[in-house]
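Residue numbers (the working numbering), protein chains in the order written: chain A, 1 to 338; chain B, 1001 to 1302; chain C, 2001 to 2279.
Please note that a few of the clues may not be correct.
List of simulated lysine-lysine pairs, BS3-like, C-alpha gap at most 27 Å [to be verified]:
#1 A/Lys215 with C/Lys2219
#2 A/Lys28 with B/Lys1173
#3 A/Lys28 with B/Lys1214
#4 B/Lys1125 with A/Lys6
#5 B/Lys1066 with B/Lys1119
#6 A/Lys8 with B/Lys1125
#7 B/Lys1125 with A/Lys80
#8 B/Lys1214 with C/Lys2078
#9 B/Lys1125 with A/Lys225
#10 A/Lys191 with A/Lys176
#11 B/Lys1049 with A/Lys332
Ranges of calculated distance between the beta carbons of each label pair, as one might list FRET restraints [stated by the list, open to error]:
#12 A/Gly254 with B/Thr1224: 41 to 51 Å
#13 B/Arg1179 with A/Glu190: 49 to 59 Å
#14 A/Glu301 with C/Lys2227: 49 to 59 Å
#15 A/Gln41 with C/Asp2274: 50 to 60 Å
If you only want the chain B side, here are some residues facing chain A, beta carbon under 8 Å, derived [stated by the list, open to error]:
#16 Pro1038
#17 Leu1114
#18 Gln1142
#19 Ile1147
#20 Asp1211
#21 Pro1215
#22 Trp1217
These aren't lab readings, by the way, just hints derived from the structure by calculation.
Treat the numbers as computed from the prediction; the structure is a model and nothing was measured.
Note that beta-carbon positions come from the ideal geometry of N, C-alpha and C, so glycine has one too.
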Amino acid sequence: MKVLSKAKLETALNKLNQGAEVFLPMQKAQESGFYSWKLFQQGQDELMLDALNVYLPPKHVVLPQTERMYSIKLEGQDMKIEQTFEDASPRVIFGARPCDIKAILCMDEVFLTRGYEDSFYKCRREAITIVANACYQPGPACFCNAMEVNPVEPAGADIIIRDAGEAYVWETKTPKGEALTSQIAEFLEEKSLALPVAQPFIQDVKYEGTAEKLKKMFADHIWAKLGEACHNCGICTYVCPSCYCFDIQVKMWGDEGYRFRCWDSCMYEEYSREAGGGNPRGDGIERFRNRFLHKLEFFKERYGTPLCTGCGRCIVACPAGINIVKIIDEIKEAELHA
Amino acid sequence: MKDISNKIRDIAVKLFQEKKIDIFIGWEKGALEFQTRPLIARNEADAAKLVFDEYAIHNLATLLLKFRDGGEKIGIVAKGCDSRSMVRLLEDRQFQRERLYIIGVGCPGMKDPLQAMAKHTGLKKINADGNGVAAKCLDCVQPNPVIYDELLGSQQAPQQSGERFARVAALEKMSADERYRFFEETLSKCIRCYACRQVCPACNCRTCIFDEMKPQWVGRENSTTDNMMYHLVKASHMAGRCVECGECERACPVDIPLMLLNQKLIKDVNAFFGPYEAGMSYIEGAKPPLSSYAEKDPDDFI
Amino acid sequence: MHKCECEQPLVPVIVEVVDIKDETPDIKSFFVKNPGGQGLPFNVAPGQCAMVSYLPVGESMISCTWQEEQEYLQFAIKRVGLMTDELHQIEVGQKIGLRGPYGNGFPVEACKGKDMLFIAGGIGLAPLRSFIKYCFKHREDYGKIKIIYGSRSYADLCFKEELFELWPQQKNTEVFVTIDSAEEVWKGHVGFVPSYLEELNPSPNGVVAVTCGPPIMIKFVLGSLEKMGYTDEQVITTLEMRMKCGIGKCGRCNIGSEYICLDGPVFYLSQLRDLPQEW
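Bound conformation, chain A alone (with noise of 0.2 Å):
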């Protein structure tokens, strides 16, 4: 098997550095992420690759919090459009987790099928390449393995590395990724290590068969319940891997300016108000069912797989300590109200 070693990983993605930006997950002070290489400082930051994984996921990657769409020109009754953003110069997500991949996955079947292909993702998508970093250890708010990943053998990755002690096993699964592997063949090494032995999940989540009762929850009492502690603060949409939802606003300086896309929160009253003032999802408690329903059942209707991927972040950083896994635990338990 080709290994890439541990200590000449630096080196290799030095390598990698000059032909794409590469987006790893480091602790930079107090915050860890996904960050540039180019933004690493030795000494100071710390790479994370060997840590289950990061406070925020790669999702800026793929779907930037803000992004340019094109400039606007006015000149009199004229108005032009003078330039369009899209990105297509080379990125690497390297050493994403498979609950993160997942979600990344999930963005491609928003973004690029059912009509339409969003052309600014499309360009940004297709010039990015994914090294998975397979998880072995689940952590203790993890819970993949019940929202239809793989965390050994995720799917949608151009490489997949494995964690085996002093090295990575290195498998390239795509013709994007052999066009990454070739770029740092001369890193890899032919050697044969054992791979790590998957721990048991420390939770067990049972999903299955919620999308399908929750159909019938739209109206039951639960989400008072569930959502009563909730400030609607949007902390949990924004950590979220797989939280995609946007805005279109614009920009201006007298006569020039340009139209951009940024996230947005279903969280937020604004999200969905209406020009006249009327709000569909006007209560926070709706907001919160519309986000729990889109992710445990929404979602999967439409495109056949949840929203949730299990990575367990929200959990983590919901200051009112609402608890995803709860929810489904509450939702599989509750009796149904005819």
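Using the hints, position chains B and C against chain A.
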């Protein structure tokens, strides 16, 4: 703390039995050991779940805003910071005193469930200070409830880690350029999730300026300009209102030192309009300095 | 569901406003075509929508009230928010952005051979008008046509010339107009649309009812139709919600797992019954 938990439970049950309250707001145990979380109890059975432990860090006063338009009578537990927030809500006429039955608890300083979770799950390396007490509690000036109907536990001494405005002093010492660079760097991390606003008991405006679309005061773009605009406008709205509960800084997913800005304003409000500390005691009709107006107010800066 | 025809579905094309007509004090019709006056950027079927954008301000999803061959696209737009406020200030010759066409449109084929009952309130006539005019254009394909329309006041009635002159002259067509409260200038019916509908009590035999208007009107009209014996398969309505992308990506216009911009805006009542009651 077991003892306090039991007492809170007994009081809540009794209040429900005597029909003195419709709702009781306290904490319950979450799925994980350090996941204590707010509980809105509506009956005796719910009340049996109430706990008070070292992770009961949330400011419960914010939850009162969910009920401000109703008539429900509410029992609620208050640590020092929760109680100061309640005073502020009463002063701002967001709530009526007679709707509340406040159970005060002296607070020994809490541990931060978010930090514990992050550390436990390995998603973030946390450099926790001291004995695991949450960062926000190390700046506490009033751990004891300032308004209550019943008081539990013993009075506590504040967990001050050092000079109160030490962080502010360091900021003031910077040159304007240095300060600009500091804020530019710090605020560039902001992901504009607005969690700091949502968990803030002082953010009780019915329509927030940041949600206004007509005109749109602050752009939605994640850029230095819009991020600064958001934080500076938010901070100035906190002047004279912030009770230093630190929930904003605790909730922030990217560790922006929000309390630094708030403390600067606390210090300035005290210096210019003081002596003043927000929400330290409830006197009916009292108004904080920036909520009152008199003709003789100096106005030469306008 | 249609295939993407352009490569950048989120980027508008520029069109020119060639005429503007005041319909009511707060509704104007905008007639647009390609800049320079030749042809249209795309064809819009009855009931479909387009994102109309006054570029420096914003975009709004607006149903196209009529496409006249390759002559113009007409949008009747009510002034309700930021973008529409600005749009109401513009003059003929202004360039604006347009992208589309979006949504499923009315089932004009499936309705062939049926009697048609159109029920609209306020600006809700704008989307129905595309279907109504389509029926007149293909008059022999449809049976009797009844149009019930109401607004707050006489001034607020849209498309007055068609309502009072052109449409009633069409073969086998009846137009019933009502306003919410009595006015001196108004000699016609006074009352809300749903109660007028019940008064007229059109038989459901062989009829398809199509309704659009304020949500509260739709709710009551649906109730009335049910009472009058219309089945869920005989009733069609259009929904609206806040939209940003128009192509089923941005997330906000969902009802259950359906997106109004893409899977709607036109739904049979039987389809809506299957969705969460959030409409």
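Hints versus structure:
1. Under the criterion of a C-alpha separation no larger than 27 Å, the hint pairing A/Lys215 with C/Lys2219 is consistent with the structure, at around 22 Å.
2. Restraint check for A/Lys28 and B/Lys1173: satisfied, since their Cα atoms lie roughly 26 Å apart, inside the 27 Å limit.
3. Restraint check for A/Lys28 and B/Lys1214: not satisfied, since their Cα atoms lie roughly 38 Å apart, outside the 27 Å limit.
4. For the hint linking B/Lys1125 to A/Lys6, the alpha-carbon distance of about 21 Å falls within 27 Å, and the restraint holds.
5. The straight-line distance between the Cα atoms of B/Lys1066 and B/Lys1119 is roughly 31 Å, outside the 27 Å bound, and the hint therefore fails.
6. This hinted pair checks out: A/Lys8 and B/Lys1125 have alpha carbons roughly 24 Å apart, not beyond 27 Å.
7. With a C-alpha separation of about 49 Å, the suggested pair B/Lys1125 and A/Lys80 falls outside the 27 Å cut-off, and the hint is violated.
8. A threshold of 27 Å between alpha carbons decides the hint, and for B/Lys1214 with C/Lys2078 the separation of about 17 Å falls inside it, so the pair holds.
9. About 33 Å separates the Cα atoms of B/Lys1125 and A/Lys225, which puts this hinted pair outside 27 Å; it is violated.
10. Pair hint A/Lys191 plus A/Lys176 holds up; C-alpha atoms about 23 Å apart against a cutoff of 27 Å.
11. Between B/Lys1049 and A/Lys332, the direct Cα distance comes to roughly 21 Å. Compliance with the 27 Å bound is thereby established for this hinted pair.
12. A hinted range of 41 to 51 Å for the beta carbons of A/Gly254 and B/Thr1224 is inconsistent with their spacing of about 20 Å.
13. Checked against the hint of 49 to 59 Å, the pair B/Arg1179 and A/Glu190 passes, with Cβ atoms roughly 56 Å apart.
14. Between A/Glu301 and C/Lys2227 the beta carbons are some 32 Å apart, a value that contradicts the proposed interval 49 to 59 Å.
15. Between A/Gln41 and C/Asp2274 the CB atoms are about 55 Å apart, so this pair conforms to the stated range of 50 to 60 Å.
16. At its closest, the beta carbon of B/Pro1038 sits 4 Å from a beta carbon of chain A; the interface hint therefore holds under the 8 Å criterion.
17. The restraint placing B/Leu1114 at the interface with chain A holds, with a minimum CB-CB distance near 7 Å, inside the 8 Å limit.
18. This hint is violated: B/Gln1142 has a C-beta 22 Å from the nearest C-beta of chain A, more than the 8 Å allowed.
19. Hint status for B/Ile1147: violated, given a least beta-carbon distance of 23 Å to chain A, over 8 Å.
20. Interface restraint check: B/Asp1211 against chain A, minimum CB-CB distance 5 Å, threshold 8 Å, status holds.
21. Evaluation of the B/Pro1215 hint against chain A yields a violated restraint, the C-beta minimum of about 13 Å exceeding 8 Å.
22. Residue-level restraint check for B/Trp1217 is violated (minimum Cβ-Cβ distance to chain A is 13 Å; threshold 8 Å).
In this structure, the hints that do not hold are numbers 3, 5, 7, 9, 12, 14, 18, 19, 21 and 22, in rising order.
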